[in-house]
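If you're matching them up, the sequences are chains B, Y, U, E, F and Z in order. Letter 118 of the first sequence, counting from 1, is numbered 166 in the working numbering, and no numbers are missing. Letter 30 of the second sequence, counting from 1, is numbered 78 in the working numbering, and no numbers are missing. Letter 266 of the third sequence, counting from 1, is numbered 314 in the working numbering, and no numbers are missing. Letter 89 of the fourth sequence, counting from 1, is numbered 137 in the working numbering, and no numbers are missing. Letter 150 of the fifth sequence, counting from 1, is numbered 198 in the working numbering, and no numbers are missing. Letter 103 of the sixth sequence, counting from 1, is numbered 151 in the working numbering, and no numbers are missing.
Errors might be hidden in some of the hints.
Because identical chains share one entry, a pair is satisfied inside a single copy or across any pair of copies.
Below, computed lysine-lysine pairings styled on DSS-like, alpha-carbon distance capped at 30 Å [to be verified]:
| hint | residue 1 | residue 2 |
| --- | --- | --- |
| 1 | K361 | K112 |
| 2 | K165 | K361 |
| 3 | K288 | K277 |
| 4 | K155 | K288 |
| 5 | K356 | K70 |
| 6 | K159 | K361 |
| 7 | K289 | K365 |
| 8 | K277 | K289 |
No lab work stands behind these hints, which were simulated from the structure alone. This one's a predicted model, so the numbers in the text were calculated from it and none came from an experiment.
These are the residues of each chain, in order.
6 protein chains.
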Amino acid sequence: MAHTFINQIEPGQAVDDIFLVKEPILRSTTRGDLYIAMYLCDRTGQLNGRMWQATEAIYNALPKPGFAHILGRSEIYQNNLQIIVNNISIVDTSKVSLDDFLPRTTKDTDKLFKEVKDVLGRIKNSQLKAIVDEFLADDELMKKFRTAPAAIKIHHNYLGGLLEHTHNTLNVAVAILPFYPQVQDDLVLAALFLHDIGKTEELVYDIAFSYTNTGQLLGHIAQALLMIKQKADGLEDKGKKIDQNTMDSLNHIILSHHGQYEFGSPKLPATPEAFLVNYIDDLDAKLNQVKSAIDGESPDSDWTSWQKTLETKLYRKRIEQ
Amino acid sequence: MAHTFINQIEPGQAVDDIFLVKEPILRSTTRGDLYIAMYLCDRTGQLNGRMWQATEAIYNALPKPGFAHILGRSEIYQNNLQIIVNNISIVDTSKVSLDDFLPRTTKDTDKLFKEVKDVLGRIKNSQLKAIVDEFLADDELMKKFRTAPAAIKIHHNYLGGLLEHTHNTLNVAVAILPFYPQVQDDLVLAALFLHDIGKTEELVYDIAFSYTNTGQLLGHIAQALLMIKQKADGLEDKGKKIDQNTMDSLNHIILSHHGQYEFGSPKLPATPEAFLVNYIDDLDAKLNQVKSAIDGESPDSDWTSWQKTLETKLYRKRIEQ
Amino acid sequence: MAHTFINQIEPGQAVDDIFLVKEPILRSTTRGDLYIAMYLCDRTGQLNGRMWQATEAIYNALPKPGFAHILGRSEIYQNNLQIIVNNISIVDTSKVSLDDFLPRTTKDTDKLFKEVKDVLGRIKNSQLKAIVDEFLADDELMKKFRTAPAAIKIHHNYLGGLLEHTHNTLNVAVAILPFYPQVQDDLVLAALFLHDIGKTEELVYDIAFSYTNTGQLLGHIAQALLMIKQKADGLEDKGKKIDQNTMDSLNHIILSHHGQYEFGSPKLPATPEAFLVNYIDDLDAKLNQVKSAIDGESPDSDWTSWQKTLETKLYRKRIEQ
Amino acid sequence: MAHTFINQIEPGQAVDDIFLVKEPILRSTTRGDLYIAMYLCDRTGQLNGRMWQATEAIYNALPKPGFAHILGRSEIYQNNLQIIVNNISIVDTSKVSLDDFLPRTTKDTDKLFKEVKDVLGRIKNSQLKAIVDEFLADDELMKKFRTAPAAIKIHHNYLGGLLEHTHNTLNVAVAILPFYPQVQDDLVLAALFLHDIGKTEELVYDIAFSYTNTGQLLGHIAQALLMIKQKADGLEDKGKKIDQNTMDSLNHIILSHHGQYEFGSPKLPATPEAFLVNYIDDLDAKLNQVKSAIDGESPDSDWTSWQKTLETKLYRKRIEQ
Amino acid sequence: MAHTFINQIEPGQAVDDIFLVKEPILRSTTRGDLYIAMYLCDRTGQLNGRMWQATEAIYNALPKPGFAHILGRSEIYQNNLQIIVNNISIVDTSKVSLDDFLPRTTKDTDKLFKEVKDVLGRIKNSQLKAIVDEFLADDELMKKFRTAPAAIKIHHNYLGGLLEHTHNTLNVAVAILPFYPQVQDDLVLAALFLHDIGKTEELVYDIAFSYTNTGQLLGHIAQALLMIKQKADGLEDKGKKIDQNTMDSLNHIILSHHGQYEFGSPKLPATPEAFLVNYIDDLDAKLNQVKSAIDGESPDSDWTSWQKTLETKLYRKRIEQ
Amino acid sequence: MAHTFINQIEPGQAVDDIFLVKEPILRSTTRGDLYIAMYLCDRTGQLNGRMWQATEAIYNALPKPGFAHILGRSEIYQNNLQIIVNNISIVDTSKVSLDDFLPRTTKDTDKLFKEVKDVLGRIKNSQLKAIVDEFLADDELMKKFRTAPAAIKIHHNYLGGLLEHTHNTLNVAVAILPFYPQVQDDLVLAALFLHDIGKTEELVYDIAFSYTNTGQLLGHIAQALLMIKQKADGLEDKGKKIDQNTMDSLNHIILSHHGQYEFGSPKLPATPEAFLVNYIDDLDAKLNQVKSAIDGESPDSDWTSWQKTLETKLYRKRIEQ
C-alpha cells in the first residue's frame, strides 16, 4: 500500500498508514482522563497526534521514537491540522520503507558506486590498491557506504549522501590532478575514497539521522583510522604487510582532511596530497551546502535567509544571458 | 656579453659585469679614509663589495638600489668571498636584462597567455565577454599581466607568476565546472581572469619585488574593482552599458575571493561562483607554495623547515611504487 | 488627514487610514473560506489584521510589503487588539508621508547640512576641495545623504542618521585636530564627510530599512571607493586631475575606517589620518548606540538588557550631584 | 661638568665622565688574565667598554646595572669604536642628572601640570572633587606623576610621558564633551586624571624603564583601584565618605579603560563615560605611537618599518598643498 | 505552617501560602476591567497567577519581585494550571524561609565551615595567618561566606555553594600539594580561601540570585582585592604590617585565578602558586558543572542536552563493572 | 673511561673522548685546502671543532649527526674555545653511554615504575585491568615507556620524563578522586597510564630528542588509539573481547585529553573522567614547565625571561617565613 504523505493529508480524511512517532507524552485532561500527545512524521513533515482514552500501558509500549501503524482521522484544531488516533500498533523498522521517512539522494546509487570503483581502478600502487580492495570487498561495509548520509546537517545530509559526496570528490580529483604533477595520484584517490568512511560508523540513519555513541565519542576521523588499521591487519595476516611510510602517508591525510584544528583535525596538512584532499573535500561540501540552501527556500527573494555557518545570506539572482 | 652569475665567481677572478647594487654605505676607515660598502647581487645571490678611496660624490651618485657596471676583482676576506670595486658606473634599468636579476617562471608565457585567451573564448555572456575583451585589448596592461609576479612572497613569487597562477586556476575551473552545473561558468571564468589583475598595479618588479604606494595603501582587491569600473565606463562610453546585476555579481567575487575577513576580503562569499573562485584560487596558491617549499630545500631530510604560514613542516618522502 | 498611529488605536474604533502591510498570507478557515492574515504597521508598532471573505485576486494584488489604505474596525481577540479589514486599496509610496512610517532624527537636518558645509569650507587643499565640492554639487546624491539612515541596526538607525553621524564626527574632528598637529586636517575632514557616503547606495529606506543587492554584495566601503572614482573621473574630464598620492591617501582612509579586518576593512589604518578617522567614527557610533540602548528601555532598572554587540549590560544610574 | 654624549665621542679621545654601566662580565684572556667587558650607555646610545687587568673585587663592586665614573680612552677595534677603561668608580644615582640617561618629554611639565589642574578645576561634583583634590594634595605622588613615563614601550615612553598623555586626554575630553550631553563630564575628567595613575607604582625609571615587582604582579589597573580606595579611606577618616555609586562608577571606568579583556581590562565598558574614556585614551596613545614611529625613522622611504602592534607599516608621505 | 510547593499543587485546590511574586503586570480586560497577571514561584517552579477585580493601588503596592501571602484557588486554563488570586498581602523577606525559595547545598554547612577552618589552621606563615584570621574573625562576612552561592549559573549555583566550592578546593589542594614541593603551601591555602570571597559582595541572593551594582561594575576579582586591602589596613592599624611581597604574591593569585584574560583575569598566572590555584579552581567548578548537568536531566538518554559553555553534550553511560 | 664534559674542558688540554658530532661541513681554506667544521656536543654544551687536512672521504663517512671518538687538543680562537681534531673515528650508538649526552630525570625510574604498577593494581574493572595488564606485559614497550621523554620541549623533556609525568599524574589522581565520587576511578587510572603512551612511538631519543616520521604525521594521540586497538585485538584473539562502551569511554579520554581543538584534541571532553584527566595532565605539565623555567635560570633576578607559551615572565621570589 502506498504511503500517504503528511503534506498531502486533507482535513476530515481517514488515516490508515505507518508514521514515525516522535516524543510521545502521557498527559491528563482537566477531568483527569489520560491521553497521549505525539508527533506523527514522515519525510514531508509532521503533525500533532492525539490519542484520547489512552492508558499507561499503551504509552509504555510506544517507541520513543519509532514506527507505528496509525488508525484515525484528521481534523482541524485551532486552525491547525491534527490527527485523532483511534488505534496505534508498533511496526518493526524492518517492515518500513525507509524512503518514505528519510530524505534520499536523487542520483542512481548503483551507477555512482560503479563509477567510484572505476576511478579507484586507476590506482597502480600495489599497497594502496590492496587496502582499497580490502574495503571494496567488505560487502556489509560497502552496503553502509552506499546508504549513509555524509552528515546530519549542513551538507549531503540525505541517504546516499556519503556515496554522492565521495563520488564527486573523486571525479574532481581526477579532473584536477593533471595540473599538479608533483602530487601522488594514488594517495589522493585512496584517501578521498576513505576520508569519510568512518561516517558509516559515526552515524545512524535507520529512523532519523543521529550519532552513534561511538561516533559522538570518537568522531569519524578516529574511526577511519581504526578501520584502516583493521584492514591493514587483515592484509598482514594474509602475508601482505603495508609498509609504515604508506600507512603514515594515508593516515596523515585522513587525520588532517578537515584542514584546521577547530574543525576536529588533530593534525594540519603537511603533504601536497593532504592539502589537495582538504580542498576538494571542503569545496564539494560547501557547494552542496550552498546549493541546498538556495534550492531549499522560496525563490521570491533574491537572498536566502542567514546561513549561520557561512556567516552570510546567499544571493540567488542569476545574471542575464 | 653573457652575465657571470654571482654563484659562479671564484676567488681571484677579474670582475667586469653589471650587478644590482643594494644598501651602499659610506664609511671611514680608522685612518680616516672614506670607502663604500655595498652588496652586489643578481638572481643567484649576493656578495659584499668594497670600494676603497671612495668620495662622497661617488656615493651620492649611486642608486639605492639600482644597477651598476662593476670593474674589480674577487678575493677571500675572513673566509668569505668579496669583491674589490675599482670602478663603478650607473646603468639604466632599460639596458639591463631583467632575467639575470629576478626569478622568472620556467613556463612559456606566450603559450600560457594564448591558452588563457582560449579559455576566455568560452565565455558566452555578452556583457562579461565585453569586459574581458576590453581587458585583453589593453596591450599595456596585458604586458604587465604577462610579466608580473603573483606575490612578493609565499606563492608564484617570480616574473610571470601572475600569468601562470591565472592560467592554472582557469584550467582547474574548466575541469571542475561540469561537476557543479548550478554554477554560472561565465562568471567564474571572467572572475578568475580578473581576480588578481590588481596585482599589476599593486606590485613593482623592475629591480626587486615590492609594493607600490597605491598597492600598499589600497591592496589589489580594491585596485581590481577600480580597474573593472574603468573598463565598464569605457564600454558605457561606447554605448555598451553593463547592467548592475552583472557588475555586482562580478565585483562580489573579486571582493570576496580571499574567503575570510582576516585575509583582506571585505565581503564573505555569498554566491556559488564566489565560493568556487575562492577555493580554486586558494588551492592553486597553496599547492604552489607547498611545491616551492619542498623543492627549495635540500632533499637530505624527509621534512622541510617550519613553514610559518602553514603552521607545520612539510613531509617530502614519497611512497614506494 | 493626519495619520492615526497604531499605538493610539482603541478597541471598537473605526479605522480609515494608510498602513504599511507586511507579510500577508492567504489562509482558509476550517469551513474552507479564504481569508488574509497580515500585519498593519507604522513607526509606532504593528497589529494583526484579518480580512475575511478574501479572494486570491485581492491577495495577489497586495504589496509584500507596501502601503495600503485600510477601511475597517478594531476589536479585541484573545486579549489582543486586532483590525478587521473590510476594504484594502494599494497606495503608491509617493503618496505616503514617510515620516509616519520610519523613525527620523529629531534634529533639524537643514541646519545640520549647512553646518556640514561650513566645516567642509575649512578645507584648503585644492584637490580635496574639488572632490568635496563635486559631491556637494550632486543634488540627487546630497538629497539621499540628508535622508539616509547610518545603519539598519545598532547606531543612528533612523532617517537623517547618516547626516547626523557625519555632522557629529566632523564637529569632533574640528575640536580634536588642534591637539594633533602632525595630522593633515584637510584629509581628515574630507574623509569623514565621505566615509559612509556609500550608505546612500547600500541601504534602501523607502518603506523599511534594508540592504540593496549592490549594498549587500559590495558593502558601503567598496561603494564609496567607486563613487569617489566617479567624481575624480568627472574632474579629470573637466581638466582637473587629482594626483595619485591624494587619491590613495583619501581612499586608504575610506578602506581602513572600520579599523579591523573582521569589521570589513580590507586594509588596516596606516596613516595618522586613518587612525583618527577610525577612532572618531567608532566613538560616535558607539556613544549613539549606548545612548539609544539606555534611552530605549524602561528606566525602572539600573541596567539595560544584555547588549549583544557590546557584550555587556549598560548601567544607567547617574551619580549624585 | 657637562656630560659628553656617547654619540659625540670620537676615536682617540680621552674619556672622563659618568655612564650607565650595563651587563658587566668578568672574562679571562687566552693568557689567563682577567678583564671586564661591559656596555657604557647614556640616552644617545651605547659603546663596548673593556677594562684590562681587572680583578674579581672590581667586578663584584660594579652595579649591574648602575652609574659609574669612567676614566679611559676611546679607540677603534675591528671598525667599531670602543672605550678602554683605566679606572671605574661607582656613582650614586642621586648624584646623576637623569636627563642625560633617560629620554624626556620636550614639553614644559610645569605648564602641563598647571593645565591639568585647571581642567580638573572644572569638576563640580563634590565627591569626585574631593577624591581628585586628595590626589593633587599628595605631593610625593604628584612628583612621580609629573616624572613617570606612560609606558616602557609603545607610546609616551619617556620621562614626563604620563603627564603629557594625561594632559592631552583631558584636553581632548574637554573639547569633545559638549557633543555628547548625556555623558557625565565630571566622571570623565576624574577618570582620565586617574586612569593611568597606577603607573607611578607600576614602573621604575631611575636608571632605565622597567616594571616594579608589584607592577608586574598586579598591573596599573589594579594598582589604581587600591590607590583610589586609599584616598577614599582617607576622606572617610576625615568625615567625608564617598557614596558607593560614585566609587563604583569611577572604579568601573578605571577597570574597563583598556576596552578589551585581552588588553588586561577585567570588565568591559558599561557606561557612556567608560566608553568615552576608553576611546580617548586609546586614540591619544595610538596617535603618539604613530607619530613616534614616523618621526623615529629616516624619512628616505615613504614607509616606516613594520609596526608589530599595529600590524602594518606606516605611510609618511604627505599630500601636496 | 509547612510550605506547599508549586510542583505539588493539584487542580481545584485552595491556596493559602507565601510565594515569590515576579513580573506583575496590570492589564485591562476587553470589558475594561483591571486585572493583575503575575508569576507565583518557589524553588520547585512557577505558575501563572491572575487577580481579577484588581486596582492600581494593589498593583503599585506589589513587590517587583518580592514575597506575598496568596489566598486563592488553583484551576486549569487551556490545559495549564494557574492560580486565581483572591487576596494578596506583602510579606517581608525576613519572615520568609529562604530554603523554600532558593536552591541550597545538601551538605552540612556547619561541618564544611569547621573543616575549612581546620585546613586554614595549617598555615604557618605569620602574615598570611594574620590576614586569614582577620577574615575569619569578621562574623558578618563569614555569615555571608557560608550562605552565598558560588555563581548565578554554571556551577555551585545554590545557597552554600561558595562555601562548598571553597571547601572542596582546599581539600584538593591539601591532597595535591605534597606532589609539588616547590609550591608554597601557605600561599595556596590562603589564596584558595579568598579567591572567590568577593562573591559575597558581587551577588545578592535574598530572593533570587543576581548581581549587585558593585558586583556587575567591578566583578568579584577586583572586589576581593579591595577586601584584602581593607583587612591588611586593619592589621597595619593594629601594628601588624603585611610586607609588600606577601601582599603582591597573594593579590597576584587572586587577580590571575581565572587563568585567561577573556575570563576576566587582568593578569595571567606568573607563579607556581597562581597556576595551582587556577587549575584547582577550574577543575572543581567544571566537575561540579558536569555533575549538575548529568544529574539534572532525565537518564533516559545516554547523552545530556548540548552544554553551551562546554561546547559538547555530556555522556552519562557508565562502564560495566 | 669517564667522559670529560664539554663544560669542563680548559684551553690547551688534550682531548681523547667520545662526542656527538653535529652539522659537519666540508670547506676549503683560501689556499684551497679542505677542512671540516663541525660541532662537538654532550649534554653540558657544544664547542666548535676544526679538522684540518681533511678529505672528502673522511667527511662522507661522518654521521650527520652521530657519535665519534675524537683525538685532538683544545685551543682559544678569537676568544672562544675550540677543538682541533687530529683523528676522528665513528662510534656506534650502542657503545655510548646515553646519559652523557641526553638529559635524564634525577628520580629513580625503577621505583617510579614500581609505584605506577602499584597504583594500576587498584583497577578493579576486569576489562580495563586486562588492557592495562596487556600493556604492562609488553616488555619492549615498557622499556621505552621507562626511558622516553614526555616531550621535546616545554615539560618533562628529559629521559624518563614520560614515566615521571605519568607517575605524578597517577598519584595526583589517587589523591583527588575521593573528592569526586561520581567519577569512575578505574577509567581515570587506566586513561592516565595510557594518555601519553603514544609518545614512545612519536619521539626518538637515541642521540637527541626529535619526532619520528610517524610521530610527526599522526601525533601521539592517534598513535595511542592504534596501540590500544592492537592490545584489545590481542585480547580478543585470546577470547577476552573488550565491550564497545568500555573501548569508547577509554578512547574518548585519550582523544580529548588535550582539552582544546587547537592543542590537537579532535574531541572535547564529554565525560567527568575526560575532564579530570585533561586537568590533571595539564596541571602536572604546567607545574613542571614552571619549575624548569625557574630552576633553569640564574636566581639573580626576581623574574625569569619571557615564557612564550605562558605569555608571561615567571616570578621566583618567595615570601618571608
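- What are the numbers of the hints that this structure violates, sorted from low to high? 2, 4 and 6
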